[in-house]
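From the two separate chains plus the hints, produce the assembled complex.
Residue numbers (UniProt numbering), protein chains in the order written: chain C, 1 to 244; chain G, 1 to 228.
Hints are computed from structural coordinates only; laboratory data are not their basis.
Note that the coordinates shown come from a computational prediction; the quantities given were computed from them, not determined experimentally.
You can take every hint at face value.
Beyond 12 Å from chain G on every Cβ pair, some chain C residues (computed):
1) H6
2) S18
3) L68
4) A69
5) V109
6) G120
7) T121
8) W123
9) I228
10) R230
11) R234
12) G236
13) L241
14) V242
Quick look at which bits of chain G chain C covers, simulated, 3 or more residues with Cβ under 8 Å:
15) 153-162
16) 167-175
17) 178-184
18) 216-227
Glycine residues also receive a C-beta, built at the ideal position from the N, C-alpha and C atoms.
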Amino acid sequence: MWSFFHKLGSPPWLYRISGSILRWLLPLTLIALCAGAVWGLFYTAPDFRQGNSYRIIYIHVPAAVVALAGYYVMAIAGAVSLIWKMKMADVAMKACAPVGAALTFIALVTGAIWGKPTWGTWWVWDARITSMLILLFLYLGVIALYEAFDNKEAAGKACAVLTLVGTVNIPIIYKSVDWWYSLHQPASIKFTGESSIDPSMLYPLLLMIGSFYALFTCALLMNMRLEILRRESRTGWVRKLVGA
Amino acid sequence: MSAPGTLAFSGRLLRRQLVLALRRPVDIGNPLLFFAMVVVLFPLGLGPVPAALASFAPGILWIIALLANLLTADNLFRGDFEDGSLEQLLLSPQPLYISVLAYVLAQWLVTGLLLALVSPLFAVMLGLAGAAIPVLIASLLLGTAVLSLVGGIGAALTVGLNRGGMLIALLILPFYMPVLIFGSAAVQAVVSGMPAAPHLAILGAMLCLALALAPLAIGAALRISVDA
Chain C
1 MWSFFHKLGS PPWLYRISGS ILRWLLPLTL IALCAGAVWG LFYTAPDFRQ
51 GNSYRIIYIH VPAAVVALAG YYVMAIAGAV SLIWKMKMAD VAMKACAPVG
101 AALTFIALVT GAIWGKPTWG TWWVWDARIT SMLILLFLYL GVIALYEAFD
151 NKEAAGKACA VLTLVGTVNI PIIYKSVDWW YSLHQPASIK FTGESSIDPS
201 MLYPLLLMIG SFYALFTCAL LMNMRLEILR RESRTGWVRK LVGA
Chain G
1 MSAPGTLAFS GRLLRRQLVL ALRRPVDIGN PLLFFAMVVV LFPLGLGPVP
51 AALASFAPGI LWIIALLANL LTADNLFRGD FEDGSLEQLL LSPQPLYISV
101 LAYVLAQWLV TGLLLALVSP LFAVMLGLAG AAIPVLIASL LLGTAVLSLV
151 GGIGAALTVG LNRGGMLIAL LILPFYMPVL IFGSAAVQAV VSGMPAAPHL
201 AILGAMLCLA LALAPLAIGA ALRISVDA
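Bound-form chain G, shown alone (with noise of 0.2 Å):
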């Protein structure tokens, strides 16, 4: 039998985690719910002044967008790293740096994505401007994009450690700060009627910073992972 090539490879991997998300719906669900509670944390704790809450509404978004993507992340690698199957990827032929792609783009679909995708259900409760809503979706696809990158070299990181979930967010928080500034500034410039584009802009020149280097940081990690 002959190897696949690099790209059937990397398809069966991003079909075979899909097909592992998809088969425990309720993982995919809880960062959707998580985001649902957070945002009703919000009004709770600050008042349900609709004024106030609507001039916080990117902010908090964002935050609990963040946040939502910090829990999964943890996840990424842990199950493959702990039947073994991660070693066998580091054993194969195929260049890591596409395998993990193919990781961090299946988990983007089944969380940054779908968060993506509802995050305006939750705009509208706290009164978000209607004409937000396509920029924080967008600033959403771009920003939960390059936090899932990142939070794959916290991932890759602690995998191997039993006490991760923590560590992996004070490892990992302080990078996605820049992300989280340019993503509610794009919703914030929409709601004060400024041009998003911009932020917009430097969020996807972050997205490309990312996509070329992450994965070789999470690859050098997994092999310390491994290797340990």
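Next comes chain C alone, as it looks inside the complex (with noise of 0.2 Å):
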């Protein structure tokens, strides 16, 4: 147990396991989301009310499930950056961003184009929207702040510290967001609850949101290893492998 959590803070073993990992998990997932996708958008049957345009669902509640899943994600590798200085969980933390920012970002997207034929409108200040801009802000302040220092080690121990102080205040963000919604106009509009919708629309959406997690993970595999190459440019291992 304790030598394997040694051997993830070397970069030329993460390095080559995670390639191992993605030359099987990439081709699953890619199957997965193609399996996902058809089955959820040809075939399960039309909503009730909202014909066929729910199924931008297929995309946009994963999106956002996995966006959200991502920042403690985030969190976690900088915690341990911080605790055990683990020089991986850095670069984890560190690849999450961008990924995160990215979903979160198409949960958005998709969620102004659903909104526009159900709802009427590209945009409303609804909490869970109102959040989920919230979130993408608190991605792209880490990449920022990460981008300011030129001294990497600092930025990422800076963005460890940051992404803590996020996770405490994720839960405050989304419950005042909550009430402040709930205080300034009844419900007018409310997402389908998850338990009310038909199993035949529910098992895609499930193998979706595992394809989605896998994609992260994929994103996230890919980014780290190409971090690793850029901090490592210098040593023995990179070089070799470069060069050969």
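Here is the structure:
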């Protein structure tokens, strides 16, 4: 157990193991994504009220779920890098931010596209939408802070502190935005509750959520590999890898 | 010479910060002037209809207080970082938690407290209902203290960077949002005839949480910035 933990700190080992994980995970993810998309887009019944427009749920919900989870992955990686001074956790944290920001952005854009036919508007100041927008700002803040430092080691530590502050704050932000909404206007728009969804629509959705998690993992690992190569570009093993 | 006790030390630190601030009265006046000027922008931008201004007044006053706080956050540690006294503080045997609290308290006394005290003037100018003014002051007193603590985290993270100003806003504005929601909701509640106590209680809870955790984050961030 501990030797595994220590090996995680070694860039060449992580580079190798992530390469062999990606070799089967990436094709599997693509197959699952295609299967889920085809199942959801072609083989489920149209919604009673929303017709075919609801099908964007198969992109929208998975992106939103994984975007949220991604922040916690980033925060845990940040905590590990602060506590155990583990370089690879720092790499993971840095690699999380753009992936999470992209997923949050996808969730917001698909939400807007979905909102136009069903609610008649691109944007409403709904509690959930607003908190997703704030999540995007949190991701972008981490990226901006990292880029502002010239000393990348300090940048990693500073971002780790910021993500930890963010984890304490995310529940507060979510709760407060929820209350803000309920205080100002009656709940005129409700997202369909997950439990009220028909099983024939739920299963492809679950498959898509699973695929998006896998996609996140793939993107994270690929991003990490790039970052490892960038940081270790002066070491022998990278020179051998590139030169050979 | 024996080292002073923690309380005596932080008391001296607080006094030093206040003396430094009082020696430059213009710096104390600037946030208040900013407050006054931005208040003028709203009638100019939204139109001088009293009913409209009065209905937006809680939000307007709170947003301006938040921005005024944001503008002062950047300076919290900058001077001491540049002349090296921050490094001395980190090397001293005093608990960083308490020292950091002294910094934030000094900053709050010359910004948040003053903003809260002058806010009734601007509230009257915007036509806010008289009954809401005590709640406005109370919400600003509690809320700006949270803002100062959270702003301290941003200031500590960016103190070593030359281009801190814009970055600190991007980092801490998301964390300011809950405070804004409950601060303006408290004032709004009184205007619409509802009790403000729940909102003030939540602001108080946020202050407790921020008091407990923010100095830890500020301390960690200061060490990182000074090490860099």
